[in-house]
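Q: This is what each chain is made of:
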Amino acid sequence: MSASLPPAIKDDFPLLSRSVHGRPIVYLDSAATSQKPRAVLDAMAVYYATVNANVHRGAYEIAAQATEAMEGARRAVARFVNAASANEIVFTKNVTEAINLVARSWGGANLGPGDAVLVTEMEHHANIVPWHIMAAERGFELRWIPLTPDGRLDLENLDRLLDGVKLVGCTAMSNVLGTLNPIRRLADAAHGAGALLLVDAAQYVPHLPTDVQALGADFLGFTGHKMCGPTGIGVLWARAELLDAMPPFLGGGEMILDVRKDGFLPNEIPHKFEAGTPPIAEIVGLGAAVEYLSGLGMDRVREHEVSLTAYALRTLSERYGDDLVVHGPPEPAARGGVLSMAYRDVHPHDVSQVLDQHGVCVRAGHHCAKPLMRQLGVGATARASLYVYNDESDIDALADALAEAGELFAW
Amino acid sequence: MSGLEDLYREILLDHYRNPRHRGELEVPPAVRAEGFNPLCGDEVIVYVDVGADDVVQAVAIGGQGCSISQSSASMMAAGIRGRPVAEVRRLVRAFKSMMSIHSHEIGGEAEDDDEGGGLDPDDMKLGDLEALRGVVKFPVRIKCATLSWNTLVQALDETAHP
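Which chain is which? The protein sequence lines are A and B, in order.
Under the working numbering, the first residue of the first sequence carries the number 92, and numbering increases by one thereafter.
Under the working numbering, the first residue of the second sequence carries the number 7, and numbering increases by one thereafter.
Read the hints as simulated data drawn from the structure, not as lab findings.
Worth double-checking, as some hints may not be accurate.
To be verified - With a straight-line Cα cutoff of 20 Å, these simulated EDC-like cross-link-like pairs (lysine to aspartate or glutamate) come out:
no.	chain 1	residue 1	chain 2	residue 2
1	A	LYS461	B	GLU49
2	A	LYS257	A	ASP335
3	A	LYS257	A	ASP302
4	B	LYS149	A	ASP447
5	A	LYS101	A	ASP133
6	B	LYS143	B	GLU16
7	B	LYS143	A	ASP447
8	B	LYS149	B	GLU136
9	A	LYS461	B	GLU40
As the list claims (entries may be wrong) - Here chain B is said to cover these stretches of chain A; the calculated rule only asks that three of the stretch's residues, wherever they fall, bring their Cβ under 8 Å from a Cβ of chain B:
no.	region
10	422-430
11	442-448
12	462-472
To be verified - Here are a few chain B residues that sit away from chain A, every Cβ distance over 10 Å (derived from the structure):
no.	residue
13	PRO34
14	ASP48
15	GLU49
16	ILE51
17	ALA58
18	GLY71
19	PRO90
20	ALA92
21	LYS131
22	LEU132
23	ASP134
24	ILE148
25	ASN156
26	GLU164
For glycine and all other residues, C-beta sits at the position ideal for the given N, C-alpha and C.
Given these sequences and hints, build the entire structure.
A: The structure is reproduced here in structure tokens:
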């Protein structure tokens, strides 16, 4: 079972001890944002209380300590995803900004009429809209990898789709379907066609051991707040030679070596892409988050989520049979712990409203994936998503609360 | 604590189960407007046919959404047919005033009986629409309740009549 993670893990997360509407909270929305362990909250509080100073300037002691706190976190993040060098870790606001950075900087320098960018029908809007914006500006084509009926990528015509493509953008794990995509295969196919691969790993890095070199990607974005870290801090990883060749994204302090009246010299990577004072406390918090997850062991995190996903799929199927459909691949090993549910014809908003009265937090909506929603033929889903602190009691609470939604909307 | 019974009144569920005036109208003479709730993906399509006498001759509702947005649209359709446009606009103001979180939080219950926005509740009977009053206690759902009303206003603004 899921005995590989410590059973008292909920105690690490202060928020999980509160109640909602008089009931203990059952937090099942970690695909939107995860809760934060005390270790992360403490690291940020200690940083502000004892170290706070601006980074990369000032020769005084605490300025040096602040810089070391930030750069130490960068090294920890680099180790966490097995980057070849900490210089390949660019701090951004979130994955959205990471992808916009690539679209604007790399895309602006490399894409034009006759070119194509290939994305999938299961992308989050963050990996669609930046390409729409740039396509309108630069005149390249935006092309789509279709899906199979059970929510996987349909790669049958991949070779034909890759013709003329300069960049493939793909989520490593769907935030709606939970589908784990074959990133290595896509990387090899993209490279064979002379294209680069950008991976949206927002739902992947928090839940599976990640080795950016083994995945074979060229760009990979992830975000702190979905992996026990604070909001406002994300990461763009990219191979150093790509970052070196790319023009700056935002201009300002920190990203320069020299500024004259007739121009400027950009800084070395990764600082070239980090204009302005960075969110230092958030970076420190992200560093604490990856240390926390490393302490748990990402293999065990994944094992825990596979077994809990299996339990959830089994429980919901036993209790509700054909009345409840979970979108996406049926095998727990092929997916993450993201359960987008269609419960009879009860609208997802109404499902989540009833669940809320039971203290059960799930997300109802289109999950920023409207092309996928249209593909599924639904306007919205009610999504329960799992993380390290969830256990079988949370699934049981979800299943119990669903019964009331069924009663209220029975006719 | 706000219980679900405040939100899901029986009359509301009845409109959700048996929506009134579902369908389409021929455009023209009717006018068609679409409304979206970008947060949840709900969408509503409102058709209104306003006669030369400025009376709503016919109304039809399309689209899909949750129990709150769909029942609100159904009650709205039932409530505006056969009424002069000026009166319909007053009804919209009365309904949106009922859905205003601020008058409830700041003004308290007494505010409800005032002529907020120049309307007289005796003149402007909300009828079945009163069943939606409980939505105000669930602020996230207010946009669901007002979606069809905002879309109706769009449609009325597009009619050729003043």
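Q: Each of the hints needs a verdict: does it hold here or not?
A: The hints, checked one at a time:
{"no.": "1", "hint": "LYS461/A with GLU49/B", "verdict": "holds (13 Å)"}
{"no.": "2", "hint": "LYS257/A with ASP335/A", "verdict": "holds (18 Å)"}
{"no.": "3", "hint": "LYS257/A with ASP302/A", "verdict": "violated (23 Å)"}
{"no.": "4", "hint": "LYS149/B with ASP447/A", "verdict": "holds (18 Å)"}
{"no.": "5", "hint": "LYS101/A with ASP133/A", "verdict": "holds (16 Å)"}
{"no.": "6", "hint": "LYS143/B with GLU16/B", "verdict": "holds (17 Å)"}
{"no.": "7", "hint": "LYS143/B with ASP447/A", "verdict": "holds (14 Å)"}
{"no.": "8", "hint": "LYS149/B with GLU136/B", "verdict": "holds (16 Å)"}
{"no.": "9", "hint": "LYS461/A with GLU40/B", "verdict": "holds (17 Å)"}
{"no.": "10", "hint": "422-430", "verdict": "violated (count 0)"}
{"no.": "11", "hint": "442-448", "verdict": "holds (count 3)"}
{"no.": "12", "hint": "462-472", "verdict": "holds (count 3)"}
{"no.": "13", "hint": "PRO34", "verdict": "holds (28 Å)"}
{"no.": "14", "hint": "ASP48", "verdict": "violated (6 Å)"}
{"no.": "15", "hint": "GLU49", "verdict": "violated (7 Å)"}
{"no.": "16", "hint": "ILE51", "verdict": "holds (13 Å)"}
{"no.": "17", "hint": "ALA58", "verdict": "holds (37 Å)"}
{"no.": "18", "hint": "GLY71", "verdict": "violated (7 Å)"}
{"no.": "19", "hint": "PRO90", "verdict": "holds (34 Å)"}
{"no.": "20", "hint": "ALA92", "verdict": "holds (33 Å)"}
{"no.": "21", "hint": "LYS131", "verdict": "holds (28 Å)"}
{"no.": "22", "hint": "LEU132", "verdict": "holds (23 Å)"}
{"no.": "23", "hint": "ASP134", "verdict": "holds (18 Å)"}
{"no.": "24", "hint": "ILE148", "verdict": "holds (12 Å)"}
{"no.": "25", "hint": "ASN156", "verdict": "holds (17 Å)"}
{"no.": "26", "hint": "GLU164", "verdict": "holds (25 Å)"}
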